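> Listed in order, the protein sequences are those of chains V and L.
Anchor point for the first sequence: position 46 equals 45 in numbering that gives the first Met the number 0, and the numbering is continuous, going up by one each time.
Anchor point for the second sequence: position 173 equals 172 in numbering that gives the first Met the number 0, and the numbering is continuous, going up by one each time.
FYI, nobody ran anything at the bench for these hints, they're computed from the structure.
Nothing here was measured: the structure is a model prediction, and the numbers come from that model.
Certain hints may be false.
Short, incomplete list of chain L residues facing chain V, as computed with Cβ under 7 Å [stated by the list, open to error]:
id : residue
1  : GLY48
2  : MET49
3  : GLY102
4  : LEU136
5  : ALA142
6  : ASN146
7  : GLY153
8  : GLY155
9  : PRO186
10 : TYR190
11 : ALA193
12 : ILE258
13 : ASN259
14 : ARG261
Over 10 Å on every C-beta distance to chain L, these chain V residues come out as not near it, computed from the model [stated by the list, open to error]:
id : residue
15 : GLN105
16 : ALA134
17 : ARG436
Examples of chain V residues toward chain L, derived with CB under 10 Å [said to hold, decoys possible]:
id : residue
18 : SER137
19 : ASP141
20 : LEU144
21 : LYS192
22 : ALA196
23 : THR212
24 : TRP213
25 : GLN274
26 : PRO379
27 : TRP405
28 : GLY407
29 : GLU410
30 : ALA417
31 : TRP419
32 : GLN421
33 : THR425
Glycine included, C-beta positions come from ideal geometry on N, C-alpha and C.
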Amino acid sequence: MKKKKVLSVFLATALIASTLAGCGAKSGETQSTDATGSNTDNTAAATEAPADASAEKVTLSVLAGQSTTDAGIEDMIDEALAKKYPNITLEWECVDWGNDFQPKMQQYMQSGLPDIMIGKAQDVKTYASQGILGAIDSTYTDRVLDAANTNVTIDGKVYGVVYNALYQGVYYNKDMFEENGWTIPKTQEDLQKIIDACKEKGITPFASHMADTWSIGNVTMQFAMNDVFNKTPDWGDQFRAGQSSFSDSKDFQTAYSYNKLIYDNTFKDTFSIEQTDCDSRIVSGEAAMKVSGSWSIQNFLDINPEFNFGIFPFPNQTGDSKLIFEPNITIMTNASSEYQDAINCVLDVLTGDKELAVEIYDYTKTAAMLKDVTPTFTNPSQEDIDAYAAKGQIVDVTLGNNQLVWGGFQEENAKDIAAWLQGDETFEQALKASDDRADASSAQ
Amino acid sequence: MSGRKKTNWNKTMFKQYFLLVLPGLVIFTIGLIVPMLMAVRYSLTSWDGMTKEKPFVGFENYLSLFQDSDFLNAWWFTLKFTIGNTIIQNILALLFAVALDKGIKAQKLYRTAFFVPCLISSVIVGFVWLRMFSNVLPAINEALGTNINFLLFGDGDTVLSGLLIANNWQWIGYWMLIYLAGLQSIPAELYEAARVDGAGAIRRFINVTIPMLAPAITICIVGITTGSLKVYDLLVASTKGGPGRASTSIIYQTYTTAINGRQYGYGSAMSVTLVIVLLLVALIQVKELKSREVQA
């Protein structure tokens with residue numbers, strides 16, 4: 000009997016011990032993260048950071064919400080950091096920005112934020128308003144293009160380092176356009192002519208991958224930027240104030256209806272194909288155009304390095320569309336991290352190491368947001384981008400994304416648009432569904 | 000004297016069992032009961048999942064649920080998926096089990112082949128079938144010059160069929176093994192007696208096999224039903240709840256509402272309804288099916 004008793008106590012103890020050991024391992028890791036560093040203000044410690052960093056070993060936790068193009072840059076950053084600050088190690092947690100960044104942030108806001116968070120510029124408004132982001136010192140923000148700092152500045156303080164940017168619009172097969180004598184469309188009528196010409200030649204006018212519902216949400220915001228926010232820059236605020244609605248706004252209805260134009264002129268199996276398949280089809284000449292963003296460039300050039308493509312803004316009703324600019328990788332810091340010195344060292348490497356910056360821009364095929372840094376990869380659409388930039392025909396999509404947030408609003412609206420295109424909802428129902436989720440449209 | 004000894008022995012045994020159960024009970028309480036109670040608490044608030052304040056709104060979330068077409072559509076899809084799975088998986092698993100119980104050739108090979116898919120993660124199954132429907136089968140279609148619509152995930156009208164195919168492909172082998180074990184435990188004398196009484200193969204199946212398999216049927220029906228009501232990972236990897244909202248299950252809707260939509264309180268109310276439905280379904284099924292079970 001005694002043996003049984005001893006055995007049962009032993010088994011119970013072993014189970015409890017193993018459970019605690021499992022939990023303890025995690026807390027041990029956190030402790031190692033928290034064991035060193037001084038509790039200094041982010042901005043105050045900025046200039047001293049590189050000097051302070053030589054002493055103690057520090058491990059910083061990083062939550063990286065990545066786009067498909069970004070996966071892999073963490074290794075480049077680790078390598079550059081190890082060269083300049085070998086005492087600092089980054090512990091990466093890389094997640095998909097669209098699906099997992101917000102859930103992770105929500106989780107960490109309860110249990111303790113990572114030291115560094117990498118998201119998009121639109122995240123700054125969401126999280127800075129919660130008082131959890133540290134203000135970035137001008138030592139680092141001065142290395143970033145002024146235009147990029149605008150939308151991550153709240154009450155005069157900059158809460159994010161915007162590292163690169165994506166351009167969004169209609170990517171087109173330049174060779175195909177030249178061969179057929181098609182010119183860049185500026186109005187809907189011009190666009191319709193190209194669509195008709197494509198159909199005559201048996202070419203699919205638009206490549207699209209509506210199986211990825213996010214792509215519907217993305218293009219809808221592109222349309223809205225040129226048909227809604229172009230005219231009414233505070234449309235989102237008016238919407239929340241009850242002064243406008245999707246059901247009443249002709250402009251937003253037009254923006255929604257462009258999805259139908261795409262759907263009627265794209266692959267039959269658009270709801271079954273994903274981005275890579277879609278991109279390969281435009282590269283192979285199956286389709287002439289694709290409403291997309293710079294994230295497609297990586298695919299285009301991977302599939303065919305010789306693919307000759309350009310970009311133009313999707314024509315709006317008034318013929319004055321602008322190319323969309325989206326600040327992408329944006330580095331934010333934890334206001335209450337004990338490692339402000341080490342964080343500043345990381346910011347120093349990210350904003351000061353031009354070799355690293357070029358490596359990242361070339362890899363992600365994105366535009367530089369750091370001053371005096373130019374990517375070396377060949378971007379056939381750069382000529383078009385430069386032309387629009389020279390004419391001032393570029394607009395920052397953060398304006399729209401800050402007013403109508405992605406998570407819980409734009410992405411939900413995209414599902415209703417997809418349901419409408421599939422015939423499962425009426426156009427009016429899709430608009431009303433957007434109106435009904437007005438409360439979820441703002442980050443605050 | 001012997002009575003007192005027995006009481007002491009019972010107490011000792013109780014202590015020992017309690018000690019053994021304790022770790023599991025603690026983990027179960029911390030991991031399941033406490034979060035469930037917290038979900039009930041949050042469901043009475045309008046908490047967004049981020050702020051410190053959790054404003055109390057009473058039963059407002061529950062009242063809103065019944066006017067929320069997305070929530071009701073998610074339940075409708077979940078019910079169709081559950082009913083489809085329960086019927087198809089039970090019938091096919093039982094048929095396969097009966098076939099394998101007849102001692103056909105290469106029985107072990109078939110058993111393994113049917114069982115292997117359930118060892119694969121549902122996420123992988125989702126990816127596999129996404130590729131099958133989007134790339135592999137259409138390519139075969141093209142090669143053969145046929146015109147069969149394999150793009151099941153790309154249309155709201157066919158997405159349920161596609162998901163049922165994927166889910167049944169994964170789980171039929173698992174339930175088949177349970178039925179097979181049940182079949183092999185039926186005494187041969189019962190069949191012999193039925194045969195002597197003049198019962199044919201179909202009558203023996205209905206009057207002997209089915210009643211004797213009742214415990215296995217209970218396990219399979221309850222398992223398939225509750226598993227299907229909780230479908231999530233298969234959807235994440237394949238349709239992402241689409242096209243549109245055509246394959247959004249109640250758990251998928253709960254997750255996107257609570258986390259992506261920053262409506263933690265409202266999402267918690269959704270999850271509470273799911274727990275209640277799961278408990279009710281399991282209780283009713285177990286009670287009803289148990290009453291039909293017979294002992295050999």
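> For every hint, state whether the structure bears it out.
Okay, the hints, checked on the actual structure:
| no. | hint | in the structure |
| --- | --- | --- |
| 1 | GLY48 | 5 Å, holds |
| 2 | MET49 | 5 Å, holds |
| 3 | GLY102 | 42 Å, violated |
| 4 | LEU136 | 11 Å, violated |
| 5 | ALA142 | 17 Å, violated |
| 6 | ASN146 | 12 Å, violated |
| 7 | GLY153 | 3 Å, holds |
| 8 | GLY155 | 5 Å, holds |
| 9 | PRO186 | 36 Å, violated |
| 10 | TYR190 | 44 Å, violated |
| 11 | ALA193 | 47 Å, violated |
| 12 | ILE258 | 4 Å, holds |
| 13 | ASN259 | 5 Å, holds |
| 14 | ARG261 | 5 Å, holds |
| 15 | GLN105 | 5 Å, violated |
| 16 | ALA134 | 20 Å, holds |
| 17 | ARG436 | 8 Å, violated |
| 18 | SER137 | 29 Å, violated |
| 19 | ASP141 | 31 Å, violated |
| 20 | LEU144 | 30 Å, violated |
| 21 | LYS192 | 30 Å, violated |
| 22 | ALA196 | 27 Å, violated |
| 23 | THR212 | 5 Å, holds |
| 24 | TRP213 | 9 Å, holds |
| 25 | GLN274 | 12 Å, violated |
| 26 | PRO379 | 28 Å, violated |
| 27 | TRP405 | 9 Å, holds |
| 28 | GLY407 | 3 Å, holds |
| 29 | GLU410 | 7 Å, holds |
| 30 | ALA417 | 4 Å, holds |
| 31 | TRP419 | 8 Å, holds |
| 32 | GLN421 | 5 Å, holds |
| 33 | THR425 | 12 Å, violated |
The structure fails hints 3, 4, 5, 6, 9, 10, 11, 15, 17, 18, 19, 20, 21, 22, 25, 26 and 33 (numbered hints given earlier, in ascending order).
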